[in-house]
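Colleague: Read off the chains here:
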Amino acid sequence: ILNVEQSPQSLHVQEGDSTNFTCSFPSSNFYALHWYRWETAKSPEALFVMTLNGDEKKKGRISATLNTKEGYSYLYIKGSQPEDSATYLCAFNGATNKLIFGTGTLLAVQP
Amino acid sequence: DTAVSQTPKYLVTQMGNDKSIKCEQNLGHDTMYWYKQDSKKFLKIMFSYNNKELIINETVPNRFSPKSPDKAHLNLHINSLELGDSAVYFCASSQAVTGFTEAFFGQGTRLTVV
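First to last, the sequence lines map onto chains A and B. Be aware that the first sequence starts at 159, since it is given in this note's numbering, and climbs by one per residue. Be aware that the second sequence starts at 1375, since it is given in this note's numbering, and climbs by one per residue.
Take these hints with a grain of salt, some might be off.
As the list claims (entries may be wrong) - Lysine-lysine pairs mimicking DSS-like chemistry, simulated, CA-CA at most 30 Å apart: (1) B:1445 - A:200; (2) B:1383 - A:227; (3) B:1415 - B:1383; (4) A:215 - B:1383; (5) A:236 - B:1383; (6) A:216 - B:1396; (7) A:200 - A:227; (8) B:1415 - A:256; (9) A:200 - B:1396; (10) A:217 - B:1415; (11) B:1441 - A:236; (12) B:1418 - A:216; (13) A:216 - B:1415; (14) B:1410 - A:256; (15) A:256 - B:1396; (16) B:1414 - A:256; (17) B:1415 - A:236; (18) B:1393 - A:256; (19) B:1415 - A:215; (20) B:1410 - A:217; (21) A:200 - B:1426; (22) B:1414 - A:227; (23) B:1415 - A:227; (24) A:200 - B:1414; (25) A:217 - B:1418; (26) B:1393 - A:236; (27) A:256 - B:1445; (28) B:1383 - A:200; (29) A:236 - B:1396; (30) B:1426 - A:236; (31) B:1426 - A:256; (32) A:215 - B:1418; (33) A:256 - B:1441; (34) A:215 - B:1410; (35) B:1415 - A:200.
What the hints assert, rightly or not - Derived, one-sided and incomplete: chain B residues facing chain A with beta-carbon distance under 7 Å: (36) 1427; (37) 1447; (38) 1474.
Worth flagging that the hints you see were computed from the coordinates, not collected in a lab. Quick caveat: nothing in here was measured; it's all calculated off a predicted structure. Beta carbons: idealized from backbone N, C-alpha and C, even for Gly.
Required output: the full structure, derived from the provided sequences and hints.
Modeller: See the structure below:
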């Protein structure tokens, strides 16, 4: 059974705070690691697809790092804004070519 | 223009009925998927089609039958609906089957079986 775990489950921060959360995944048969942002009542939207150990990707105030040897990825949000409030999902793609999703980290940013 | 659209958005039906959910993508992608969001909020893959060919079929009851008339459409037909089928079903598409490209999701269909 492939486990993809995310922590924390939920996070409450103040506007302007920087924050980060973790995705843990199997370190064997790694193909890719995806991050998605999922706002309430909308559909998940891709943030990053990462494939190489040591990858670092950035989109505005959001960035992610990848360590395939130890099986983790961090997502960072700098200077959180209320519009960043959403569930952040990671998904592991291994040899089966299936995306295995974590349960997500629910971020709430208080103005 | 919605990239991946699925209909209906909400579906309430009685046990034992047969229902279909439709999905269309206008992105020119070759690969389409059906995911089920379970009670613990996990997104679990059910099926994947590449260019109209079934490539992933998870352990899903055979009451669930996907149909892909062309690579832009992937419909999900469910026979003899049961209470446990109540969930949100998401359609998605991606450029390639390998998972190296991002998936684009529809807005979900909330199925309630009563």
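Colleague: The structure should be examined with respect to each hint, and the outcome stated for every one.
Modeller: Cross-check of the supplied hints:
no., hint, verdict
1, B:1445 - A:200, "24 Å, holds"
2, B:1383 - A:227, "41 Å, violated"
3, B:1415 - B:1383, "18 Å, holds"
4, A:215 - B:1383, "34 Å, violated"
5, A:236 - B:1383, "35 Å, violated"
6, A:216 - B:1396, "35 Å, violated"
7, A:200 - A:227, "34 Å, violated"
8, B:1415 - A:256, "18 Å, holds"
9, A:200 - B:1396, "18 Å, holds"
10, A:217 - B:1415, "26 Å, holds"
11, B:1441 - A:236, "44 Å, violated"
12, B:1418 - A:216, "27 Å, holds"
13, A:216 - B:1415, "27 Å, holds"
14, B:1410 - A:256, "14 Å, holds"
15, A:256 - B:1396, "22 Å, holds"
16, B:1414 - A:256, "19 Å, holds"
17, B:1415 - A:236, "27 Å, holds"
18, B:1393 - A:256, "26 Å, holds"
19, B:1415 - A:215, "27 Å, holds"
20, B:1410 - A:217, "28 Å, holds"
21, A:200 - B:1426, "27 Å, holds"
22, B:1414 - A:227, "29 Å, holds"
23, B:1415 - A:227, "28 Å, holds"
24, A:200 - B:1414, "18 Å, holds"
25, A:217 - B:1418, "27 Å, holds"
26, B:1393 - A:236, "45 Å, violated"
27, A:256 - B:1445, "19 Å, holds"
28, B:1383 - A:200, "11 Å, holds"
29, A:236 - B:1396, "39 Å, violated"
30, B:1426 - A:236, "42 Å, violated"
31, B:1426 - A:256, "17 Å, holds"
32, A:215 - B:1418, "26 Å, holds"
33, A:256 - B:1441, "19 Å, holds"
34, A:215 - B:1410, "29 Å, holds"
35, B:1415 - A:200, "14 Å, holds"
36, 1427, "14 Å, violated"
37, 1447, "18 Å, violated"
38, 1474, "5 Å, holds"
Going through the hint list in order, the structure does not satisfy hints 2, 4, 5, 6, 7, 11, 26, 29, 30, 36 and 37.
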